[in-house]
Amino acid sequence: MRMTRLERRWLLRIFAAMVPGPASGGFAVAGDDVGVARFLDDLEARSPLEPLLGLRIAVWMVTLGPLVWRLKLRTFGRLAPDDQVAFLDALSASRVYVLRELPVLLKTFLCMGLFALPAAQRAIGLPVSDEAMPRWARPS
Amino acid sequence: MSGGIVEGAHVSGRALVEDACDVVIVGTGPGGAAAARVLSQAGLDVVMVEEGPLVPVSERPRDMWSAFARSWRSMGFQVARGKGFTPILQGRCVGGGSPINGAIIHRMPEEIHATWTREHGVDERLSYARLTAAFDAMDAELRVAPTPESAWGGNNRLMAEGLAALGWSGAPTNRAVDGCESTARCAQGCPGARKQSLDLNWIPGAVARGARVYADCRVERVTREGGRAGGVVGRFRGADGRKGPRLVVKARRAVVLAASAIQTPLLLMASGVGGRSGLVGRRFQGHPGSGVLAVFDEPVAIWDGATQGYETKHFWHERMKFETVGLPPEIMASRVPGFGKAFVSRIAEGKHMASWGTQVRAEAHGRVRRSILGGPSIRFSMTPADIRVLKLGLERVVEIAFAAGAREVLPGIHGMPDAITTMEQMRAVHGLPDDPRLFHGICAHLFGTATIGRDDKTGVIAADGQSYELPGLYVMDASVFPTNMGVNPQHTIAAIAWVMAENLAG
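One line per chain: the protein sequences are R and F, in this order. Take the first sequence: its letters are residues 88 to 227, numbered as in the numbering used here. Take the second sequence: its letters are residues 5 to 510, numbered as in the numbering used here.
Heads up, some of the hints might be wrong.
[To be verified] Examples of chain R residues lying across from chain F (beta carbon under 10 Å, computed):
id	residue
1	Thr91
2	Leu93
3	Met105
4	Ala110
5	Ala124
6	Gly141
7	Ile144
8	Gly164
9	Ser179
10	Met199
11	Ala206
12	Gln208
13	Ala210
[Stated by the list, open to error] Which bits of chain F does chain R cover? Going by a derived footprint, with three or more residues having C-beta under 8 Å, they are:
id	stretch
14	77-88
15	334-346
16	398-405
17	482-488
[What the hints assert, rightly or not] Stretch by stretch, here's where chain F covers chain R in the computed footprint (C-beta under 8 Å, at least three residues):
id	stretch
18	127-135
19	149-160
20	166-174
21	184-194
22	219-227
No lab work stands behind these hints, which were simulated from the structure alone. What you are looking at is a predicted structure, and each value in this text was computed from that prediction instead of being measured. Glycine included, every Cβ here is placed at the ideal spot set by N, Cα and C.
Chain R extracted, bound-state conformation (with noise of 0.2 Å):
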């Protein structure tokens, strides 16, 4: 079951409000790196039917999110950065249960992705070398 282009192209931005990069002054590496891409491919080709069909959901939900939990007429990729964050971070203090795990779920796909880079584990601190690049994060 793999993601549409259009839920690939959610996901990589709810990334990259999550976790932005350095050109805006955030992270060594950026949500919607190029190595995180090459995780997405892996993962909807290994992960079991229910993990991904939750990430879709997950992706849904947050995309789609401002226009009903904020009446906003903006989805969530045509929000602002601040706007973004502010977002997410109301949805993982819902008192809703579903709701507050939708971003605890992103993140966590989005972390199993990015902190298995180099280049992220450097930057907090983790001593490595080139040749740890994960197999999937390898260009093909």
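Place chain F on chain R using the hints.
Leaving out everything else, chain F in the frame of chain R:
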């Protein structure tokens, strides 16, 4: 017969693989491997069947995603449903959980065994003296020893310092590790093969004595022969998930299920065994746990040191045990709160974070059934009393962190601040509802679902491990545990299987 390990790729293109033996063992984790060790040593012809793959040391990955994909059940995504979702972590590879767990070794507490004897039908066939003899033998074979100070690293050292400052007892964790290289990569599979996981000793030992191991093969049911368990049938799967040939194994003497507290009851159900008691899949128990990240001024470098090298059982009688958990960077990052620049500024301090947790000897009982998709459906929720134990455990872990000099703690509890700097802030946890959905917990120690009992009304299995309903069918894994124990179970699972296998071998 010459032994060997047969993987799915070795038999692709064939329609059927057949074998015959004295004893077929389903599962290669601590229970199955211990049984294979004892039975093959006793001269019996053994076949082992493992659903997961063989993961050679040279192929153990550095990153957690690849490790999840290769060696963990459902890629680490298996959950129990209840009031919330609880991740249920299991290994799924040759060696079971042993290649990817912390190699923590504890003997079953004697008072737990006394309860089993008094209330659950455990008798002299599984006496504490017999278990102790097995523990002694296994300690020697698996090179069990306390984690040496040279392998502590910052994460373990700081817990030791915090406990000492509070006057609470603590100790370097006993582990089955020979010469730890301090890579903190237990969860990915020890890259230097220092951890004495069972794929590196008991299983190759059994193979050297003639055992055959069929990997990548899921057993579907137990077959019958003349009113007894007569073997198993299963199906190989390729790395791409495609169906491979069928496996048919005939067992002259016994079929041993050692597939874990989740998979064993499903196999019993699929084989039409255990219905008389109505207990198959019931009495599922665990040690759910949760943890905190503590931020220190000094570098901790959680990735440099034994993954789980220090612990305390100081409050064991209050149903809690605390231990260090050297999280891989991917998991640690996912536990750091916040999004955007707030997250970025916190994760930049990753080198200064320690990770410690509490496991709870939960009173809650859950249930394992087959889902409509064919896999397990697990129901489990901590009781309000369990949640209160968890809260107190987390409070005490935070107290250890501050006693060790933590600047702040990231508790990861819904309804509390992202970061706290005082114990007063932490004690606010007791004002929160007793609701499991407020905590991010996991459960990695799983028990029950085919329990020992005095008879076929009170249990599925007798104290010798044999089914009350189907002669020749044995269960030798954590399914037989009538209760949980409050300590890490690998050694006890193996010891129980060891003694049961000795009884079976005669």
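Quiz item: Quick check: which numbered hints come out false for this structure?
Solution: 1, 2, 4, 5, 7, 8, 11, 16, 17 and 19
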